[in-house]
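Visitor: Chains as they are written, first to last, in the numbering used here: chain P, 1 to 213; chain X, 1 to 213.
Keep in mind the hints are simulated off the structure, nothing from the lab.
Take these hints with a grain of salt, some might be off.
[As the list claims (entries may be wrong)] Coverage of chain P stretches by chain X, computed from C-beta distances (three or more under 8 Å per stretch; other residues unrestricted): (1) 15-21; (2) 38-44; (3) 122-132.
[Unchecked claim] Straight line, CA to CA, 30 Å or less: simulated DSSO-like cross-link-like pairs of lysine-lysine: (4) P:LYS113 with X:LYS129; (5) P:LYS121 with P:LYS162; (6) X:LYS129 with X:LYS3; (7) P:LYS159 with X:LYS212; (8) P:LYS138 with X:LYS121; (9) X:LYS39 with X:LYS121; (10) P:LYS151 with P:LYS121; (11) X:LYS60 with P:LYS212; (12) P:LYS129 with X:LYS66; (13) P:LYS39 with X:LYS167; (14) X:LYS30 with P:LYS30; (15) X:LYS129 with X:LYS167; (16) X:LYS66 with P:LYS190.
Cβ atoms here follow ideal geometry from the backbone N, Cα and C, with glycine treated the same way.
Protein chains: 2
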Amino acid sequence: MCKYKVGLIRVLTTEDEELLLSHGRLIMLKFPEVEVITKCIPNQYDGINCKELYDLAVPKIVEIAKSFEDVDMIIISCADDPGLEEVREVVTDIPVIGCGETGLGVSLMYGRKIGLLSITKSLPRAYQKIADQIILGKPDNVNSTRDLMIKEGRDNMLKVAKELKEKGAEVIALGCTGLVTIGIEEDIEKVTGLRVINPVLVAGMLASYESKR
Amino acid sequence: MCKYKVGLIRVLTTEDEELLLSHGRLIMLKFPEVEVITKCIPNQYDGINCKELYDLAVPKIVEIAKSFEDVDMIIISCADDPGLEEVREVVTDIPVIGCGETGLGVSLMYGRKIGLLSITKSLPRAYQKIADQIILGKPDNVNSTRDLMIKEGRDNMLKVAKELKEKGAEVIALGCTGLVTIGIEEDIEKVTGLRVINPVLVAGMLASYESKR
Numbered sequence: 001m002c003k004y005k006v007g008l009i010r011v012l013t014t015e016d017e018e019l020l021l022s023h024g025r026l027i028m029l030k031f032p033e034v035e036v037i038t039k040c041i042p043n044q045y046d047g048i049n050c051k052e053l054y055d056l057a058v059p060k061i062v063e064i065a066k067s068f069e070d071v072d073m074i075i076i077s078c079a080d081d082p083g084l085e086e087v088r089e090v091v092t093d094i095p096v097i098g099c100g101e102t103g104l105g106v107s108l109m110y111g112r113k114i115g116l117l118s119i120t121k122s123l124p125r126a127y128q129k130i131a132d133q134i135i136l137g138k139p140d141n142v143n144s145t146r147d148l149m150i151k152e153g154r155d156n157m158l159k160v161a162k163e164l165k166e167k168g169a170e171v172i173a174l175g176c177t178g179l180v181t182i183g184i185e186e187d188i189e190k191v192t193g194l195r196v197i198n199p200v201l202v203a204g205m206l207a208s209y210e211s212k213r
Numbered sequence: 001m002c003k004y005k006v007g008l009i010r011v012l013t014t015e016d017e018e019l020l021l022s023h024g025r026l027i028m029l030k031f032p033e034v035e036v037i038t039k040c041i042p043n044q045y046d047g048i049n050c051k052e053l054y055d056l057a058v059p060k061i062v063e064i065a066k067s068f069e070d071v072d073m074i075i076i077s078c079a080d081d082p083g084l085e086e087v088r089e090v091v092t093d094i095p096v097i098g099c100g101e102t103g104l105g106v107s108l109m110y111g112r113k114i115g116l117l118s119i120t121k122s123l124p125r126a127y128q129k130i131a132d133q134i135i136l137g138k139p140d141n142v143n144s145t146r147d148l149m150i151k152e153g154r155d156n157m158l159k160v161a162k163e164l165k166e167k168g169a170e171v172i173a174l175g176c177t178g179l180v181t182i183g184i185e186e187d188i189e190k191v192t193g194l195r196v197i198n199p200v201l202v203a204g205m206l207a208s209y210e211s212k213r
């Protein structure tokens, strides 16, 4: 059987194959009908955590999107949806999906007040549309996806997640796909008792949905 | 294998089993891992197309939600999400999903300008949050789900769908689940060339996603 093929763009440069392929593997594990081909942008080891790095990344993301051959969907695996419009302008024949839109879209289905875990103080672009429904949580000493990969960063994220619950969040959205990379979802559900929306898995779910049409 | 069980609420009274079960069957066809048990509200043959019928339906929907035994999720199969908050207040241990939120959430993943096909002139509640991104299309002579079931109503919907495309819609959302019942999705895709988001299938997709957790 021919699988539904997805081109997935990581917006973080890495030579670590485990790290590079983690999002794609997660999707393929849950949705075996989907095949994910992963590529990352060059020369951006800190990923995207500020306007400058965002602007730097967009043309690279467009180039990578154009480089995929024979895929049925493109996923930009970042909660800020960098380059989403720009890629849609050049790739017009298949769905182009961003992990900001996916996380937002499904979070909205689960609650009115969304607790958003983030590594920056500004809301991801998709979430700015419904800013009044967002409670943002950012640990003081976590400022990049690298900070998430050490125990202290992870522990601080869990602490902030608990605070989001106390502040009235009805569902938790991951405002950085680096949180997917470190597999913190279940731990957050344990400490908060809330449903955590994994934007990468939602993107995979969409690919699975498309594959059945 | 134990299937993931969904209680689905139709907000239209009918003794026609084909009509009653159409949404549930559609979900089970695409997602065989999901089992749908369907119930409809009593004494409301015109469904919901105005404030009075909405208010009349809410307590009935809550009662039906409470009557489901041993289900893993509840779906309110109406684009206006009637009773969504009220049901969530009494059913707190499983996800309660509304087909307004599902349609909106996935439409947002596919485009910035959403063409919304409707049987009323007011936006469904979920869509009111992003009113500036919505282009509403309602045929003059279609005012209830019954009107959709005759050829003229269907044809007028297709005409309005084409107009939405001309007005700049990038994706089409079904603003009434009666449009799902009449299976108009593929025809709209043919005449517009746009992706049509079926809110009932999206709800099914969520059930499938939950079943894999």
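Visitor: Quick one: which hint numbers does this structure break? Sort them smallest to largest.
Guide: 1, 2, 6, 8, 11, 12 and 13
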